[in-house]
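Asks: Go ahead and model the full structure; you've got the sequences and the hints to work with.
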Amino acid sequence: MSLQVTLKILRSRPHQEQRYDTFDVTVPDAANVLDAIEQAWAHHDRDLMFRHACHHASCGTCAVRINGREKLPCIAPVKDYDGGEIKIEPLRNFPIVGDLVVDVAPFFQNQEASDFIITRPTENELDGKAIAHTQGLDPESAPTVPFNRFENCVECGICLSACPTMSADYKFFGPAGLAAIKRQLDKTTDANEREKLLHLADDEHGVWRCHSAWECTEACPQSVFPAESIMALRKEINAQRFKKFFRL
Amino acid sequence: MSNPPHVIIIGAGSTGSATAHDLALRGLSVTVVERGEIASGTTGRNHCLLHSGGRYCVNDKEGAIECIEENLILRRIMPHALEMNDGLFVALDDEDYAFQEDFLAGCEECHIPAREIPVKQALEIEPFLNPKIKAAVQVPDGVFEPWRFCTSFLATAKKNGATIRNFTEVSDLVFQGSAVAGIQVFDHRTGKTETIGADMVVNATGSWAGIIAEMAHVNVPVAPTAGVMVTIGTRLNNMVINRMHKPHDGDIVVPVRNTSIIGTTSWRVTSPDAIEIPQDQIDKMMHAGELLIPSIKAGRQRGVMAVARPLIASANVDARDFSRTFEAFNHRKQGGAAGIITISGGKTTTARGMAEKVSDVVCAELGISVECKTKTTPLVSYRDFYN
Ligand SMILES: Cc1cc2nc3c(=O)[nH]c(=O)nc-3n(C[C@H](O)[C@H](O)[C@H](O)COP(=O)(O)OP(=O)(O)OC[C@H]3O[C@@H](n4cnc5c(N)ncnc54)[C@H](O)[C@@H]3O)c2cc1C
Ligand code: SF4
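Residue numbers (our numbering), protein chains in the order written: chain A, 2 to 249; chain B, 11 to 397.
It is possible that part of the hints are untrue.
Below 27 Å or equal to it, Euclidean Cα-Cα: the simulated BS3-like pairs (lysine-lysine) are [what the hints assert, rightly or not]:
no.: 1; chain 1: B; residue 1: Lys169; chain 2: B; residue 2: Lys144
no.: 2; chain 1: B; residue 1: Lys71; chain 2: A; residue 2: Lys172
no.: 3; chain 1: B; residue 1: Lys71; chain 2: B; residue 2: Lys367
no.: 4; chain 1: B; residue 1: Lys144; chain 2: B; residue 2: Lys367
no.: 5; chain 1: A; residue 1: Lys80; chain 2: B; residue 2: Lys307
no.: 6; chain 1: A; residue 1: Lys80; chain 2: B; residue 2: Lys294
no.: 7; chain 1: A; residue 1: Lys9; chain 2: B; residue 2: Lys202
no.: 8; chain 1: B; residue 1: Lys307; chain 2: A; residue 2: Lys197
no.: 9; chain 1: A; residue 1: Lys236; chain 2: A; residue 2: Lys197
no.: 10; chain 1: A; residue 1: Lys197; chain 2: A; residue 2: Lys244
no.: 11; chain 1: B; residue 1: Lys202; chain 2: B; residue 2: Lys256
For the chain A half of the interface with chain B, some residues (derived, Cβ under 7 Å), not all of them [unchecked claim]:
no.: 12; residue: His53
no.: 13; residue: His56
no.: 14; residue: Cys75
no.: 15; residue: Gly99
no.: 16; residue: Ala106
no.: 17; residue: Asn153
no.: 18; residue: Thr218
To be clear, the hints were calculated from the coordinates, so they are not data collected in a lab.
Glycine included, each C-beta is placed from N, C-alpha and C at the ideal position.
Replies: This is the structure we're talking about:
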């Protein structure tokens with residue numbers, strides 16, 4: 002069984018006028034929109050620019066807008082867009098490199114500013130014993146180290162595209178960056194490190210710039226809840242100010 | 011020859027990325043060209059398993075030893091880009107149970123740390139594991155995230171002076187006499203075709219290596235064999251769960267972040283571009299996964315992907331039995347064009363080792379002698395790629 006779909010893709014290059022191109026492709030039933038984009042590239046236009054790597058919502062590279070909504074096309078089933086055309090456009094609030102490819106450099110520089118480490122000790126979500134790994138070096142050692150896992154955030158930039166503040170202030174640190182600060186804050190007890198992180202968030206382009214539209218949390222494909230992190234950071238910053246004021 | 015010599019690497023999968031890092035660290039001038047996004051070929055879509063070698067320790071000892079050596083090195087040079095939770099090999103039936111002896115002997119022979127753990131304990135650690143398992147052995151498997159794996163190598167290469175150009179596709183090679191002296195590329199950003207000169211070209215295009223080799227009028231026997239993987243939208247295991255038997259279709263469940271990925275099958279394809287996934291391959295995966303972790307049946311399929319292995323073809327063997335070890339072809343020595351070397355085969359786990367071997371060949375061809383330092387050099391953050 003297979004599905005026929007028409008993709009309407011926004012094409013642009015620095016040296017070209019923007020335009021929409023349509024591609025008719027046939028994909029297997031289980032295909033996601035990313036597979037359809039790849040078919041368009043493979044069989045119709047090898048100059049179509051799009052980002053992709055893992056095809057399972059882990060690398061975060063493929064984010065685009067599908068029919069106006071920010072999505073990871075690698076986990077957006079074609080059959081959910083029954084019949085009609087599927088309109089595909091690049092993310093908003095990023096400079097466009099070409100077609101569906103946007104420049105993620107400023108975004109990653111923000112992510113780096115908080116030294117956000119993409120692994121973390123596992124929360125015991127499997128309900129099993131979160132005991133230890135051997136680090137591969139000493140299988141005889143007593144289990145002491147908790148399991149680790151990658152953070153939920155795949156750094157896809159979807160929340161920045163969905164964020165109304167971001168389109169008003171390009172210097173805004175952005176939902177993902179602020180959520181990363183919160184994650185790092187939760188991982189450390191070091192007072193200096195915490196101070197540094199809160200200082201980074203406590204900025205006119207930081208947590209105070211957010212208008213609480215909650216679009217980021219709504220759009221995030223990975224249940225990172227950036228808006229909640231921003232609110233929590235505000236609380237922590239206020240608490241710290243309070244302490245400082247009264248020299249507690 | 012320019013000073014330092016200029017080497018062009020075609021392809022930014024795990025092989026090309028690790029090679030860029032190795033050569034840049036040796037002080038060479040390096041340019042990487044990749045037709046699309048980093049890791050948009052086979053690497054990005056692989057099963058994310060940092061092999062301990064356990065999977066190969068009975069049938070492919072050479073491959074297994076490479077895996078464990080590289081596994082231990084990667085843990086040191088990119089600790090923040092790995093989930094290091096080990097793996098379990100579990101026996102589901104009597105045949106698997108009988109295989110355990112060979113498996114443990116294989117691990118020992120290949121120096122893979124392995125320990126049997128009581129079934130009760132295994133089920134405590136992995137509550138979703140099939141409760142009927144007959145035995146469990148723990149080995150140091152791990153999990154990487156392919157795009158960040160490659161980007162970490164490239165970020166470090168860039169820090170050491172390398173130029174990385176993605177969305178830049180090689181359309182032809184440039185010759186000086188009969189020797190390759192550079193490449194012709196089409197830059198998708200600008201729409202312009204240009205040539206870039208090089209003292210040496212490394213063809214690290216994996217399943218596409220045959221196409222570049224053809225441009226150099228040489229033959230590389232790549233046999234693309236596809237594999238499918240199914241992602242379940244819940245993490246059902248802490249450790250990598252392998253079935254303890256001879257490698258088979260769908261016998262590994264790799265946990266990544268908030269998902270579990272079942273893989274993988276193996277079938278020959280004619281072109282590695284945009285492989286269409288047959289539904290029966292997906293069904294086969296689900297079934298094999300359910301045997302290991304029954305809750306997979308109730309799980310939500312979150313993604314399905316397929317991609318081709320860049321295996322070196324040898325006549326008359328089953329796709330699954332091709333050696334997983336890699337090969338660096340110095341075409342000049344085989345009577346072909348000078349100035350180009352092809353590196354193909356292998357695994358992402360062994361990318362650093364492959365890079366060391368091909369970089370040694372490159373340096374020997376260029377008549378320079380610099381030691382490889384990648385075993386002990388920590389990689390910078392993948393995000394520094396964007397600095
Ligand atoms: C189904 C499957 C599962 C696997 N699972 C694992 C695993 O769990 N663990 C593991 O360690 N290994 C695994 N492997 C093996 C591993 O993925 C591969 O060996 C490895 O990714 C090969 O990397 P590469 O860099 O050689 O090739 P690729 O990653 O394919 O890189 C080649 C690059 O060259 C580029 N290119 C092609 N033509 C051109 C051109 N003309 N100009 C410019 N660039 C070009 C491509 O876009 C591509 O990015 C798996 C393989 C498969 C098929
Ligand atoms: S917070 Fe969510 S939407 Fe934002 S970058 Fe991370 S995964 Fe993407």
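Asks: Take the hints in turn and mark each one as holding or not.
Replies: So, going through the hints one by one against the coordinates:
1. Proximity of B/Lys169 to B/Lys144 is assessed by CA-CA distance (about 50 Å); at most 27 Å being required, the pair is judged violated.
2. For the proposed pair B/Lys71 and A/Lys172, the alpha carbon gap of about 54 Å is over 27 Å, so the pair is violated.
3. Distance restraint check for B/Lys71 and B/Lys367: the Cα-Cα separation of roughly 19 Å lies within the 27 Å cut-off, and the hinted pair is therefore satisfied.
4. Proximity of B/Lys144 to B/Lys367 is assessed by CA-CA distance (about 41 Å); at most 27 Å being required, the pair is judged violated.
5. For the proposed pair A/Lys80 and B/Lys307, the alpha carbon gap of about 21 Å is at most 27 Å, so the pair holds.
6. A distance of roughly 22 Å separates the Cα atoms of A/Lys80 and B/Lys294; the hinted pair therefore holds under the 27 Å criterion.
7. This hinted pair checks out: A/Lys9 and B/Lys202 have alpha carbons roughly 25 Å apart, not beyond 27 Å.
8. Between B/Lys307 and A/Lys197 the CA atoms are separated by roughly 46 Å; this puts the pair beyond 27 Å, and the hint is violated.
9. A C-alpha spacing of about 16 Å is found between A/Lys236 and A/Lys197, which places the hinted pair at or below 27 Å, so the restraint holds.
10. Proximity of A/Lys197 to A/Lys244 is assessed by CA-CA distance (about 16 Å); at most 27 Å being required, the pair is judged to hold.
11. About 50 Å separates the Cα atoms of B/Lys202 and B/Lys256, which puts this hinted pair outside 27 Å; it is violated.
12. Checking A/His53 against chain B by beta carbon gives a least distance of about 6 Å; that is within 7 Å, so the hint holds.
13. For A/His56, the interface hint holds, the least distance from its beta-carbon to any beta-carbon of chain B being 4 Å, beneath 7 Å.
14. For A/Cys75, the interface hint holds, the least distance from its beta-carbon to any beta-carbon of chain B being 6 Å, beneath 7 Å.
15. For A/Gly99, the interface hint holds, the least distance from its beta-carbon to any beta-carbon of chain B being 5 Å, beneath 7 Å.
16. Taken as an interface hint, A/Ala106 checks out: its beta carbon lies about 4 Å from the nearest beta carbon of chain B, inside 7 Å.
17. With its C-beta approaching chain B no nearer than about 6 Å, A/Asn153 sits inside the 7 Å limit, and its interface hint holds.
18. With a least beta-carbon distance of about 16 Å to chain B, the hint placing A/Thr218 at the interface is violated under the 7 Å criterion.
Checked against the numbered hints above, the structure breaks hints 1, 2, 4, 8, 11 and 18 and satisfies the rest.
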